[in-house]
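Chemist: Residue 39 in my numbering sits at position 39 of the sequence shown, and the numbers go up by one each step.
Derived from the structure by calculation, the hints contain no laboratory data.
Mimicking DSS-like on lysine-lysine, the simulated pairs with C-alpha atoms at most 30 Å apart in a straight line are:
#, residue 1, residue 2
1, Lys-29, Lys-12
2, Lys-139, Lys-87
3, Lys-240, Lys-87
Label-pair distances were calculated between CB atoms; the ranges are:
#, residue 1, residue 2, range
4, Asp-227, Gly-121, 35 to 43 Å
5, Arg-273, Glu-221, 16 to 24 Å
6, His-120, Arg-232, 26 to 34 Å
All C-beta atoms, glycine included, are put in the ideal place defined by N, C-alpha and C.
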Amino acid sequence: MTATRKHTALPKAQILVEALPWLTRHHGKTVVIKFGGNAMVDEELKAAFAQDVVFLRHAGLKPVVVHGGGPQISAALDRHGIVSEFKAGLRVTTADAMDVVRMVLAGQVQRELVGLLNRHGPLAVGLTGEDAHTITATKHLPEIDGELVDIGRVGEITAIDTGAIEALLADGRIPVISSIARSQDDGHVYNVNADTAAAALAAALGAETLMVLTDVEGLYEDWPHSDEVISRLTATQLEKLLPELSSGMVPKMQGCLHAVRGGVRTARVIDGRVQHSILLEIFTDEGIGTMVVPDEPEGDAP
1 MTATRKHTAL PKAQILVEAL PWLTRHHGKT VVIKFGGNAM VDEELKAAFA
51 QDVVFLRHAG LKPVVVHGGG PQISAALDRH GIVSEFKAGL RVTTADAMDV
101 VRMVLAGQVQ RELVGLLNRH GPLAVGLTGE DAHTITATKH LPEIDGELVD
151 IGRVGEITAI DTGAIEALLA DGRIPVISSI ARSQDDGHVY NVNADTAAAA
201 LAAALGAETL MVLTDVEGLY EDWPHSDEVI SRLTATQLEK LLPELSSGMV
251 PKMQGCLHAV RGGVRTARVI DGRVQHSILL EIFTDEGIGT MVVPDEPEGD
301 AP
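Working from the sequences, and respecting the hints, build out all of it.
Modeler: What follows is the structure, encoded as structure tokens:
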């Protein structure tokens, strides 16, 4: 009996010991995680995500979760008889649609995520970018065919105030932030791309890492001709690739670029369809996505 028990317990101990260098390296560091894709709608993946985030918190890291809610917003707009329309890859957000977006993000998606995290203790606190001036934005006018187009209440971030987030982190809480912003100039609230919001918050918080959950394995080398994933690239290498990327990947990779250029040590796009992908990415050598790192300073290259 004792021999059997020793045999089954040993691999667990080895796994824990292997995580030690990563635990040491990341202790006390802030990690911003963009929650989205399949991980947001699949019940098992949602539960595993919550476990991962709580594990990071108990392992001595400071996780901050940022979320959007595309599928949930589209379903709610359908129920309200509002047609979903996209221009330049962004949701056209009328005043009526904005009311639904706000309700879904702050009242449904965020509440569910806070509830999942708080099954493990009194940890998560929900905010939107409106709270304590966390995210301020002005109206975003994308350029389509050389002309600026009005797509309604879609915001471009102009300022970040990390005070409320930092106070929560200092108190040992896990902030969960909906990607809605207060207006800089017209009294409205704005729908902000969640990838963009997560990147801006990561830079403003001086985070160690930005992690963006998505529904692909990472950035592909030569899609659709190859499914080989690029495991690591520098900011400059990524900048050169941006014009060739699919529209869904652009805000994610632009966010990664913004983060590492803003002082974040690494930004990663990881496959949210894999259970516990966050832990695999942070605590093992076998990172499972694409990692973006800052350019090496002049003279440091071999």
